[in-house]
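Keeping their order, the protein sequence lines are chains A and B. Mapping of the first sequence onto my numbering: position 50 corresponds to residue 132, and the numbering continues sequentially without gaps. Mapping of the second sequence onto my numbering: position 92 corresponds to residue 115, and the numbering continues sequentially without gaps.
The hints are simulated quantities; they were obtained by calculation from the structure and are not laboratory data.
Simulated pairs of lysine-lysine, BS3-like, Cα-Cα distance not exceeding 30 Å: (1) B/K79 x B/K90; (2) B/K65 x A/K162; (3) B/K132 x B/K65; (4) B/K120 x A/K161.
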Amino acid sequence: SQTIHQWPATLVQPVGSPLSLECTVEGTSNPNLYWYRQAAGRGLQLLFYSVGIGQISSEVPQNLSASRPQDRQFILSSKKLLLSDSGFYLCAWGGQSSYNEQFFGPGTRLTVL
Amino acid sequence: QKEVEQNSGPLSVPEGAIASLNCTYSDRGSQSFFWYRQYSGKSPELIMFIYSNGDKEDGRFTAQLNKASQYVSLLIRDSQPSDSATYLCAVISGGFKTIFGAGTRLFVKA
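Please model the entire structure based on the sequences and the hints provided.
Structure representation (structure tokens):
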């Protein structure tokens, strides 16, 4: 069966500090991978998605970036965090078909102070 | 701008009643429709998906899709306090991107 891991689970960072969140998927090959952000009491905002190694599509211009160095690894980064980057960051994987549902990791709760 | 709209709620129903959650979407070309449940502080989990017009039943859950009206709903029969959560409607609309609604908060009163 497929599993998806994210770490860290929680993170408190000062404004201007860098960020690196990691997501890995087990039990599937060539998944589509997604990064979402959910602000408190809000819906999911798609940040990046990837259909293959090194292929990243950005949905929202911001100070975040994503990379996919391996088939089942997806990394979200920032060089300098802003207060507005606080939120619940979710990684998800889905199949290559447009009919396939997405499955979410446990999430990382980021607080920028 | 492709959109998915949901009533934010809260929707409050007594234990044992039917909870009805509704969602509309703007893109007529949408192909796949999903309902996720999200408990407070947790990540969303998939509970239902539907691709064709009509009803799809899975245990206490029934998803209903009407593409002509661009409307999808979720019925929860015999609601339990453990069903209290936020329910997210999601739509795949072109390619691999999923658009999520903001969610409806459901409270089931014991």
